[in-house]
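There are 2 protein chains.
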Amino acid sequence: MNFAPRRGIEDQTLHKKTDPRMIRLYHFPLSPFCRKVRLTLAEKRLEVELIEERYWEPSPDFLRRNPAGKVPVLRIENKVLSESQAICEYLEEAYPNPSLMPRDIDMRFEVRRLCAWFDDKFHAEVTSKLLYERVNKKIMAHGYPDSKAVKSGAGRIKYHLDYLGWLLDQRRWLAGDVMTLADVTAAAHISCLDYISDVDWNRNATVKDWYAKIKSRPSFRTLLADQVPGFPPPAHYADLDF
Amino acid sequence: MNFAPRRGIEDQTLHKKTDPRMIRLYHFPLSPFCRKVRLTLAEKRLEVELIEERYWEPSPDFLRRNPAGKVPVLRIENKVLSESQAICEYLEEAYPNPSLMPRDIDMRFEVRRLCAWFDDKFHAEVTSKLLYERVNKKIMAHGYPDSKAVKSGAGRIKYHLDYLGWLLDQRRWLAGDVMTLADVTAAAHISCLDYISDVDWNRNATVKDWYAKIKSRPSFRTLLADQVPGFPPPAHYADLDF
Numbered sequence: 001m002n003f004a005p006r007r008g009i010e011d012q013t014l015h016k017k018t019d020p021r022m023i024r025l026y027h028f029p030l031s032p033f034c035r036k037v038r039l040t041l042a043e044k045r046l047e048v049e050l051i052e053e054r055y056w057e058p059s060p061d062f063l064r065r066n067p068a069g070k071v072p073v074l075r076i077e078n079k080v081l082s083e084s085q086a087i088c089e090y091l092e093e094a095y096p097n098p099s100l101m102p103r104d105i106d107m108r109f110e111v112r113r114l115c116a117w118f119d120d121k122f123h124a125e126v127t128s129k130l131l132y133e134r135v136n137k138k139i140m141a142h143g144y145p146d147s148k149a150v151k152s153g154a155g156r157i158k159y160h161l162d163y164l165g166w167l168l169d170q171r172r173w174l175a176g177d178v179m180t181l182a183d184v185t186a187a188a189h190i191s192c193l194d195y196i197s198d199v200d201w202n203r204n205a206t207v208k209d210w211y212a213k214i215k216s217r218p219s220f221r222t223l224l225a226d227q228v229p230g231f232p233p234p235a236h237y238a239d240l241d242f
Numbered sequence: 243m244n245f246a247p248r249r250g251i252e253d254q255t256l257h258k259k260t261d262p263r264m265i266r267l268y269h270f271p272l273s274p275f276c277r278k279v280r281l282t283l284a285e286k287r288l289e290v291e292l293i294e295e296r297y298w299e300p301s302p303d304f305l306r307r308n309p310a311g312k313v314p315v316l317r318i319e320n321k322v323l324s325e326s327q328a329i330c331e332y333l334e335e336a337y338p339n340p341s342l343m344p345r346d347i348d349m350r351f352e353v354r355r356l357c358a359w360f361d362d363k364f365h366a367e368v369t370s371k372l373l374y375e376r377v378n379k380k381i382m383a384h385g386y387p388d389s390k391a392v393k394s395g396a397g398r399i400k401y402h403l404d405y406l407g408w409l410l411d412q413r414r415w416l417a418g419d420v421m422t423l424a425d426v427t428a429a430a431h432i433s434c435l436d437y438i439s440d441v442d443w444n445r446n447a448t449v450k451d452w453y454a455k456i457k458s459r460p461s462f463r464t465l466l467a468d469q470v471p472g473f474p475p476p477a478h479y480a481d482l483d484f
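Protein chains in written order, with the working numbering: chain A, 1 to 242; chain B, 243 to 484.
Just so you know, these hints were derived from the structure itself, not from any lab. Note that the structure is a prediction, hence the values are computed from the model and not measured. Beta carbons: idealized from backbone N, C-alpha and C, even for Gly. Worth double-checking, as some hints may not be accurate.
To be verified - Interface residues of chain B toward chain A, partial, derived using beta-carbon atoms under 8 Å: (1) GLU325; (2) ALA328; (3) ARG414; (4) TYR479.
Stated by the list, open to error - Now the stretches of chain B that chain A is said to cover, found in silico as 3 or more residues with beta-carbon under 8 Å: (5) 276-289; (6) 358-372.
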């Protein structure tokens, strides 16, 4: 078995026609992990060519790029990178300005702890229970939403919004006084749930203010323009005055 | 609701009696994420007091320390840290020697990608299907192993051993020519499965050599001495000539 991520024939052809410095992201619009990488690239003002990947029906070309069979996959400087947190840490080290990681060791820990909180705990308790049940299952033709899971996700998101509110009562941004990868990660997850109207913006004014602030950033525009066929976003989704 | 991780009364009392510089890890012996932190601490020659935590019956004290209700939780320099990858990155930055992270940006990416591979993919496809079904369910009194899950885990571990073998055909250690957090993470997961005899050491001689090398390190001794009541390890588990 060959596990090497490498460009397929089709890619090599395209590669000849396009700028080799071009960054390309294989993604799915409502994947919080892809959105995290898209926001990080945009905050660092790196232009990227987005290629939508139906990762649940992986093509041999896609599996060649990432043996884990997941999105996001980033092609940059002739490297093929996977795993969103590892990609974002790489982008931070390779393109340190503007920075999404503080210099202080304790704050860096807090950023990484919160990234894991959203990518792991929030993802398991909320994103997978609401977004994956309501949207992904239908797109992937994997059956109908499990109402018990949806109910559980709808309950748990309240706890997480309260946790965000508690953090933001003490800090301007999630990990401290500057915007970091923790805010990017949290906003990436929450924006996916906002796309399907699953965030109660009346629950906590501080959380709403924080989201309004990050949503207004130029880096967020690409996310607000997303359209998933069969799932039109609600009017407030792209509205900066929601 | 108060989400602040803080020391409980019992901890504060103990704190007065013990050296405040003492590092304390709340852990569970067969948790791969705790083992990853234990190995990292030991590689950096940091002494730690281990406190076993039955995290599935969380005490108010434990939830005070980590609102996520998970192990590992590390108390160090009056800080309370959770999330294994964030903890290990913190330890690397606070105690850089001996190092478990290379300096080269591309290699750092590869280390983090492999950590995520094991903590995420291997954990979901193998650890949770074999260890959690066979051991954790019984300890937590959560019913009987799901034979379909066990069968799936037993099938998938072969793929992962092949992937390790493929990596090790090109490199001395998993991410390159030096031992890194990637090896620590992989060995943390695999050692838990070896404790329940779920690793077929005849499958790949290169993988077996790599594991023998890491198992012989002084940092591994604490793991080899682990005993979980009701689940005695097989004879080969602690044998360096397995």
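Going down the list of hints, with the structure as the test:
1. Taking 8 Å as the C-beta cut-off, the interface hint given for GLU325 of chain B holds, the closest approach to chain A being about 4 Å.
2. Checking ALA328 of chain B against chain A: minimum C-beta separation of about 4 Å stays under 8 Å; hint holds.
3. Given hint, ARG414 of chain B at the interface with chain A, is violated; its Cβ is 18 Å from that chain's nearest Cβ, farther than 8 Å.
4. Against a cut-off of 8 Å between C-beta atoms, the interface hint on TYR479 of chain B is violated, since the closest Cβ of chain A lies about 28 Å away.
5. With a threshold of 8 Å between beta carbons, the proposed coverage of the region 276-289 of chain B by chain A is violated, since 0 of its residues qualify and at least three are required.
6. A stretch counts as covered by a chain when three or more of its residues have a beta carbon under 8 Å from one of that chain; for the region 358-372 of chain B and chain A the count is 4, and the coverage holds.
Checked against the numbered hints above, the structure violates hints 3, 4 and 5; every other hint is satisfied.
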